[in-house]
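Peer 1: Sequences listed follow chains A and B, in order.
Under UniProt numbering, the first residue of the first sequence is numbered 1, with each subsequent residue one higher.
Under UniProt numbering, the first residue of the second sequence is numbered 1, with each subsequent residue one higher.
Everything labelled a hint here was simulated from the structure, so no lab data went into it.
No residue lacks a Cβ here, since even glycine has one placed at the ideal position from N, Cα and C.
Any given hint could turn out to be false.
Quick partial rundown of chain A residues pointing at chain B, CB under 7 Å, derived from the structure [as the list claims (entries may be wrong)]:
id, residue
1, S34
2, L38
3, F48
4, M55
5, V57
6, N58
7, L119
8, P141
9, I144
10, W151
11, A218
12, A261
13, A302
Here chain B is said to cover these stretches of chain A; the calculated rule only asks that three of the stretch's residues, wherever they fall, bring their Cβ under 8 Å from a Cβ of chain B [what the hints assert, rightly or not]:
id, stretch
14, 81 to 94
15, 98 to 110
16, 123 to 136
17, 290 to 300
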Amino acid sequence: MTLTGARDTPNAADTPPRQPRWRLSLSARNSFLSYALLAPSLALALVFIAFPIYMIVNLSLRDGRTMVMSEVGDLPFTLNNYTGVLTDPETWDSLRISAIYTTATVLGAIVVGMSTALLLRRRLPGRRWLRTLILIPWPIPGAIATVAFVWMLDGTYGVVNYLLRNLGIVDENIAWFFNPDTALIGVLMPTVWIAYPLCTLMLLASLQSVPEELYEAARVDGATPRQQFRHVTWPAVQNTAVLAMIVTGLWSFTTFDFIYAITRGGPDGATQTLAVAIYNQAFRFFDMPYAAALGVVTMAIASTVLLALFPVVRRRFF
Amino acid sequence: MTSWRMRVLRYMLIFALIIVLLFPVYWMVLTALLPTRILLSPSPPLIPPMAEINFDSFWRVFELRPVETWLANSAIVTSGTVVACVVLATMAGYSLSRLASKFALAVGYSLFLVRLIPATLLVIPLFMMFGAIGLNNTLRSLVIANTVIIVPFAAWLMKSFFDSIPVELEEAAHADGCSRLRAFLIIVLPLAKPGIGAVAIFSAILAWGEFTFARTLIQGDAGVTVTVGLVSFVGEYTADWGALMAAGLLSVGPMVLLFILLEPLLISGLTSGAVK
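I would like the entire structure built from these sequences, with the hints used as guidance.
Peer 2: Listed below in structure tokens is the structure:
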């Protein structure tokens, strides 16, 4: 926008930019349409996000069990759910598992995403198709990817065990989902597999905006590929990489499909992240108030982490 | 010479990565096409013996489970969600793009807030609300829940798309006496078609793959969607991996096909403003 404007009018720098002024005056004169267009979405968010959040908080302060909305008001107030959640060692176990699961997903996805994006960066004949192939896991439903991995990781006939045995990495088959030590690795595999394409996509878009001349200049100065990455590529993509990591992290912190479809949190709670723990409390033990309190605590933890990251985010994006 | 060698090396690396990354898809196809007796072996064949390939698993799975009902339910939920998301996101996106930027920024931040809520938590009040208004156990409840989750991001996507359409176009129409609504409908909307297409595919992918709401808000067999159906399949027919993978391919197929065909549209829509 600014570039074309500057080319059209040579003295563009002297005149104030027109667009914001017009926008402002238009929104002042004519904002009715804007609000009318926004109203349906806002109404939807109020009824189905804001009101539910109020209900979660309300529910988390009630003593007793119910699954019917009209009965919630009859239950007495209590803080017991919160003391229960905060003193239950299972909560902190779940937090630890959530932290490991989220960190591992983010690292795995960003490493695969960066490798694929770097390979696809340059113009190559057939690149459009190679890119499509690499992004294929993206539209695959997480639950179905998980089912495929359950088969691939099968303890007796799984092809992954077969490959690992042939490569000499393991001597005996691993019963991935029955062993608390390996179950988390097992659920991480489909999670990373579904998560990396978004990282590839974001990083690729950002890489392609780096002018080729920068690399040529670096090569002329005798920079090795590693130095080129360190001094040309990384400064250009680090903001996008951070954003991709935050988006992936938020997604994997709240995700449920992968773990529930295989282990439902087991064996022995080894894969029970906070998101899965909330579901198990609500829909397996039918303790909605406790689940709501656990959810509020989960969101408080997530917000704290996000707020701690906020200075980093703001420095990079605003 | 060296650049020629570099290019071959690059292709080889890309193909090696593709083989590793797409191996799960390959294995699904292989499993669906081979008879169980060959697959259930401690050393399964990595390259399928051509003579053994057949499509029995695809027929068998329809006899085992009502896969056609699952697919139909998913299709209904997905089309409903796509229509709702496209309409709402286009309206809201235009409004956010042309409104005062502070307001849009506030909405942008609140997007992060929505992402903080685990679906497993949001589904608790939704379950009770739908129970209170008699929508529980209907596909409509899934359309609503999916739309609620998808619309914030879809609206933001449309906003970045509308941002890339110069305001001067409407300004000119406005100067010619065109009302703002008319300028939006006649001038801006046709230009926003690629963005609308991207939002449609994006919501279709998310709605088709949704699991948490479908697992919770639907009880009984009539409203089972394909993701929930397949997962329920795992425990009950663990031995029949061929049929399971055939059903998996049938449910993955539509979205992957859509994605392969329309990938450039989706990518350009997603990267036009969302990733800067």
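Peer 1: A separate judgement is required for each hint: does it hold in the structure or not?
Peer 2: Structure-based check of all given hints:
At a threshold of 7 Å, the smallest CB-CB gap from S34 of chain A to chain B is about 4 Å, leaving the interface hint in force. Because the beta carbon of L38 of chain A sits about 4 Å from the nearest beta carbon in chain B, less than 7 Å, this interface hint is met. The interface hint given for F48 of chain A is met, as the beta carbon of that residue sits about 4 Å from the closest beta carbon of chain B, less than 7 Å. The beta carbon of M55 of chain A comes within 4 Å of a beta carbon in chain B, closer than 7 Å, and the hint placing it at the interface holds.
Residue-level restraint check for V57 of chain A is violated (minimum Cβ-Cβ distance to chain B is 10 Å; threshold 7 Å). Annotation: N58 of chain A was flagged as interfacial toward chain B, and the flag is violated, the nearest CB pair being 9 Å apart, outside 7 Å. Annotation: interface hint on L119 of chain A holds; nearest CB of chain B at approximately 5 Å, less than 7 Å. Annotation: P141 of chain A was flagged as interfacial toward chain B, and the flag holds, the nearest CB pair being 3 Å apart, inside 7 Å.
Interface restraint check: I144 of chain A against chain B, minimum CB-CB distance 5 Å, threshold 7 Å, status holds. A least Cβ separation of about 5 Å between W151 of chain A and chain B falls short of the 7 Å threshold, and the interface hint therefore holds. This hint is violated: A218 of chain A has a C-beta 16 Å from the nearest C-beta of chain B, more than the 7 Å allowed. Because the smallest distance between the Cβ of A261 of chain A and any Cβ of chain B comes to about 5 Å, under 7 Å, the interface hint for this residue holds.
The beta carbon of A302 of chain A comes within 5 Å of a beta carbon in chain B, closer than 7 Å, and the hint placing it at the interface holds. For the stretch 81 to 94 of chain A, the proposed coverage by chain B is not satisfied: 0 residues have a C-beta within less than 8 Å of a C-beta in that chain, short of the threshold of three. For the stretch 98 to 110 of chain A, the stated coverage by chain B is not satisfied: 0 residues place a CB nearer than 8 Å to a CB of that chain, which falls below the threshold of 3. Taking a C-beta to C-beta cut-off of 8 Å, the stretch 123 to 136 of chain A contributes 9 residues in contact with chain B, enough for the three needed, and the coverage statement holds.
Check result for the stretch 290 to 300 of chain A against chain B: holds, 5 residues qualifying (beta carbon to beta carbon below 8 Å, three or more required).
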